[in-house]
Amino acid sequence: MSTIFGIPPQALFGQLLLGLINGSFYAMLSLGLAVIFGLLNIINFAHGALYMMGAFVAWFLLQHLGLGYWWALLLAPIAVGLVGMVFERAMLRHLYKLDHLYGLLLTFGLALIIEGLFRNGFGSSGQPYRIPAELQGGTNLGFMFLPNYRAWVVVASLVVCLATWFMIERTRLGAYLRAATENPALVQAFGINVPRMITLTYGFGVALAAFAGVLAAPIYQVNPLMGSNLIIVVFAVVVIGGMGSIMGSIVTGFALGIVEGLTKVFYPEASNTVIFVIMATVLLIKPAGLFGRSN
Amino acid sequence: MTIKRMLGTAAAVLMAAGTAQAQMSDGGIKIGVLSDMSSLYTDLSGAGSVLAARMAVEDSGIAGRSIKVEIVSADHQNKADVGSNTARQWYDVDKVDVIVDTPNSGVALAVNEISREKNKVFLVSGAASSDLTGSKCSPNTIHWTYDTWALANGTGNAIVKTGGDSWYFLTADYAFGHALERDTEAVVLKNGGKVNGKVRHPLNNADFSSFLLQAQASKAKIIGLANAGGDTTNAIKQAAEFGIVKGGQNLAGLLVFLTDVHGLGLPTAQGLIFTEAWYWDMNDANRAFAKKFSAANRGIHPTMIHAGVYSAVTHYLKSVEALKSDADGKAVVARMKATPTEDTLFGKGTIRADGRKIHDMYLFEVKAPAESKAPWDYYKLRATIPAADAFRPVADGNCPLTKS
Numbered sequence: 005m006s007t008i009f010g011i012p013p014q015a016l017f018g019q020l021l022l023g024l025i026n027g028s029f030y031a032m033l034s035l036g037l038a039v040i041f042g043l044l045n046i047i048n049f050a051h052g053a054l055y056m057m058g059a060f061v062a063w064f065l066l067q068h069l070g071l072g073y074w075w076a077l078l079l080a081p082i083a084v085g086l087v088g089m090v091f092e093r094a095m096l097r098h099l100y101k102l103d104h105l106y107g108l109l110l111t112f113g114l115a116l117i118i119e120g121l122f123r124n125g126f127g128s129s130g131q132p133y134r135i136p137a138e139l140q141g142g143t144n145l146g147f148m149f150l151p152n153y154r155a156w157v158v159v160a161s162l163v164v165c166l167a168t169w170f171m172i173e174r175t176r177l178g179a180y181l182r183a184a185t186e187n188p189a190l191v192q193a194f195g196i197n198v199p200r201m202i203t204l205t206y207g208f209g210v211a212l213a214a215f216a217g218v219l220a221a222p223i224y225q226v227n228p229l230m231g232s233n234l235i236i237v238v239f240a241v242v243v244i245g246g247m248g249s250i251m252g253s254i255v256t257g258f259a260l261g262i263v264e265g266l267t268k269v270f271y272p273e274a275s276n277t278v279i280f281v282i283m284a285t286v287l288l289i290k291p292a293g294l295f296g297r298s299n
Numbered sequence: 009m010t011i012k013r014m015l016g017t018a019a020a021v022l023m024a025a026g027t028a029q030a031q032m033s034d035g036g037i038k039i040g041v042l043s044d045m046s047s048l049y050t051d052l053s054g055a056g057s058v059l060a061a062r063m064a065v066e067d068s069g070i071a072g073r074s075i076k077v078e079i080v081s082a083d084h085q086n087k088a089d090v091g092s093n094t095a096r097q098w099y100d101v102d103k104v105d106v107i108v109d110t111p112n113s114g115v116a117l118a119v120n121e122i123s124r125e126k127n128k129v130f131l132v133s134g135a136a137s138s139d140l141t142g143s144k145c146s147p148n149t150i151h152w153t154y155d156t157w158a159l160a161n162g163t164g165n166a167i168v169k170t171g172g173d174s175w176y177f178l179t180a181d182y183a184f185g186h187a188l189e190r191d192t193e194a195v196v197l198k199n200g201g202k203v204n205g206k207v208r209h210p211l212n213n214a215d216f217s218s219f220l221l222q223a224q225a226s227k228a229k230i231i232g233l234a235n236a237g238g239d240t241t242n243a244i245k246q247a248a249e250f251g252i253v254k255g256g257q258n259l260a261g262l263l264v265f266l267t268d269v270h271g272l273g274l275p276t277a278q279g280l281i282f283t284e285a286w287y288w289d290m291n292d293a294n295r296a297f298a299k300k301f302s303a304a305n306r307g308i309h310p311t312m313i314h315a316g317v318y319s320a321v322t323h324y325l326k327s328v329e330a331l332k333s334d335a336d337g338k339a340v341v342a343r344m345k346a347t348p349t350e351d352t353l354f355g356k357g358t359i360r361a362d363g364r365k366i367h368d369m370y371l372f373e374v375k376a377p378a379e380s381k382a383p384w385d386y387y388k389l390r391a392t393i394p395a396a397d398a399f400r401p402v403a404d405g406n407c408p409l410t411k412s
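Protein chains in written order, with our numbering: chain A, 5 to 299; chain B, 9 to 412.
Simulated from the structure, these hints should not be mistaken for lab results. Fair warning: this is a prediction, and the values are worked out from it, not measured in the lab.
Per label pair, the in silico range of CB-to-CB distance:
id: 1; chain 1: A; residue 1: L116; chain 2: B; residue 2: T358; range: 37 to 47 Å
id: 2; chain 1: B; residue 1: A342; chain 2: A; residue 2: A274; range: 42 to 52 Å
id: 3; chain 1: B; residue 1: S92; chain 2: A; residue 2: N187; range: 51 to 61 Å
id: 4; chain 1: B; residue 1: A335; chain 2: A; residue 2: L116; range: 34 to 44 Å
id: 5; chain 1: B; residue 1: K299; chain 2: A; residue 2: R93; range: 43 to 53 Å
Beta carbons: idealized from backbone N, C-alpha and C, even for Gly.
Extracted from the complex, chain B is given alone in its bound form (with noise of 0.2 Å):
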């Protein structure tokens, strides 16, 4: 009798000690940034999006409303199979409620079914592909910052309208260079273009004199890059060693990021043009925080991946705040959806049924040398593409939460 009133006395004491936190399950909310931690894509996304989550952690101000939030981040080494395994330990045994960022599309797809499978949250900010919110769009899952469809939307259109109506793909072989070249070739047949052939290398290709030859010999008035990080801008230097743009063919990069301006050089790289979601240089709110970013991150300054992962961080930090709950990753996504997003980098948007986050998109051009005036001054605006018309209408998705 005393004893079964002294243990109801004891768990009343931990429930009214525990209020604050006991909606989060396991005593708080967890973050795991799964990313390429030590491969191409590294600067890009890396540490710079765990960066990021904390940054967005810290701004939001969540630990003093006595609610713990932890990040913990792991390499995937741009395998699938290991980045489904940390997944699964994360969501299993580390009690991860969400994973963040994930570069590289053939991770981030197997991610998507795993958080699925769990029930957690995957908030993805570096994974490029539109399936992501298409054929395999997840209740579980939010697009955030880019996606091929707009990369070639942006591009691709910019393109074939000033006369690029001819093309030639070089593309990364795996499920992110499939996919955006893809959406980029619909582009521009849609536009009345033409397609002269394309040619497939292997992830993490060094040389890329063979293709650019094929290329070349294509006639295609434009070069289309459908791959990422080094292999880009590993193929730009040698474009221009080998005479391309001089011969009279342009390179359209697909998916370049400032770090891969940073790693060409103005000189090699000017001229470029590409879509973005985010640029450092925009407003003060950017700047502000580019200043910030770089100084914990060996002067790298943030891309659009790292935004985005700070974005997204803030959204979801809100959502389950006023849920106050974390333990059901789709009423989470459900809630995140409902509420419009807000935040110093991105400004207002909103979240469709499908998963894609909405914002406006940016068609950049590459500075000449002699117009950067500073460090890590890169970028000059050409066209901002209106958040509606910058992502794919839902309906062309076919995205199974979209039906009913």
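Chain A with its partners taken away, still in its complex shape (with noise of 0.2 Å):
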């Protein structure tokens, strides 16, 4: 049988699709940091506890209130989006004249009560989720088993990745709001209300990250420490990408699943070091990230 440096080509494609899916989470989560740091100037460490937040209110609302995946995926955003903009109004507001650190510490800060209060509540073995019955199954495609759940998610986080940048890229409310980045006061004199545009970009950014969570709730446990576990491995897409660039956020997100897909299979031990060794290389190379404008 042929091989690529020793693995046979099906095992490799596998790993590229897995990639692919993994990628759609980070790409998801980049995304969501990205806006927030784009339009805030909020390095938002507390991303990673809002996506775990996602996941247990999707866990809630099935063990609670009996309502399934479907409407989770659409009510666990809103409801994660609205203690996002409380945060904002109450916390993050008085930060945004200060350097990016405080909103940083202060976020992370966030993180780890979240993170705190949820593990003394809930344990760290996790609660059950399981697939959608729509969802349930897979497709063998020849080299590899697909589940139809993953297959969703990579379509899923497409989707919404992109329309979040056709948004903010080509819409008139994206320019008002990259407008309001670059000079709030002339935007405010012409009629708009920058604070709330701003509570509302928080929500929509930590909305993504809740989006992300519910996602993952079938996959992964929904577990007080699975954002945690996550969020550092985002951060570092986000820096590889540039900080604050939609589509770098998009693309790296997706780009780094597949190269640590990869590693998976050639060295399994370096798999989760190796996007920091890219991190590191690039921010040596082109500090400013693969697509980010330095200035």
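These two chains come separately, so use the hints to put the complex back together.
Now the structure itself:
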């Protein structure tokens, strides 16, 4: 049988596809971070905790209200988005004039508090969440067995990512948003309520995290620590893509998922470090990130 | 002259007042529960282990005999350096006499050395590596509940004998995973099976799909999960998703805890076979313990690690009381080894010269959802592995203590 670098080609294709699936989580989360950083100048370290909250809301809806997966996909982002907006109004708002570091520290503290509360309430071994009946089973692609649910994750995440990119880069609302970050006073002079727009943007970024959380619930354990395991990688993705670059974060998210998948074939022990090696390299060669504009 | 006499009298009075406690170093016994309080092993050990230790102290009635027992606890964060620092501080500054529990073999092996160096006592319930009573055995350590050899022997034997003769390992990449993989591989090969391959994954890994795909491609009949806690549950859950079992391969969870089964839910976990030392629903004494324990632990029922902490602390207190001193760690452990063990949860047992506590082990199967009558009613007993066969023979362990 022919091989590529000693790996049978079907195994390689399988890993590429899996990388793409993991990449869709990275892309969705780093997109939310990029939106928040680009428009609010806040490095939102609470993102992982909010992603975890999304998964927990899905679990709670099913367990206590009998509302299934599809309802969760709609309601969890709204619920967590509202929580995010309360954070923004009550706390983050006061830090916009200060250095990035303050926002980072506040959101990092928030993340620890949220995770601590959930761990105290729900323990660490996680809650079960089943794959919805419509998406159970899978397809045999010849080189691998693709679970229907994973295929759905890739599609859903691509749609959400591209829609977000389109809204921010190609619509009038997006233009207002971008203008408001460049010069809030001027935009406000045109009669646009900039503070409210910023609150809604933060809520939207947070809702993206919650949406990813609901998508993740049937795959991973719904676990208070699920966010903290992921958030560091996602930050590396944002740094590699370029802070605040929307398209950059989407492309890098998917690309790094694939790189990680390949590492799992060739040298599995390094699979959780490879992204940081790339991050360090990119920072040395192109500090603004692959898609970032240095200014 | 008068001052000297006064001092003498004062000393005599103090000594008389202190007779009950004077034997214990620093006025009492201090137990340190060193565990994972914040990460993937929290529910199966963690705060529950502290509770189990406290219940053991209460049930021993030692306070009624005016011996003061204090329990402290700390989070080792699954980091050997954090665990070592805590152990050193406990022994040197806080006057802790005995450290118990300590899941995570990496941390346990470090604390094992420190306890030997400081001549204290280390009672391992949480960690699994059979090296603790093998090449790294210590006159200050007793390995209580289970170990990688016992798990491999129980589960590996049962599976190979029912036709699962080709294996692929998914192994957590640290001391525990390596030991579990090594011990299981030995059992598989001994029974005429073969190992098609293995892959090492980082501790606390979320996505197992890549590894499962490699396992699938290996065509091995059995995928052995040489990992624990959240790693095991994620692997099992994702194996179901990728149709591993439907495709004709079977999973062997080499270390599965009650809390893992609870987290997976019976629809996903049903049919899993694994080895454990203790289950709450086996007899009235266990059920009574579980009832009291879960009421104080957010409903979470005790795992074998919790039961092991209870049993170990019970035996420790008995031995220290009989010895009338807790100062010399080696002497306490020697006394514990010389006395047969007996407590409500593990019944009668013994401790071998290499520090291995000996009792029956059990092969369990997870019930189907229809078979489960009540919350936490998860296991049915497949076989009892008698104490004499459950653990590695002393001669095979290479423990320096047993060579004379």
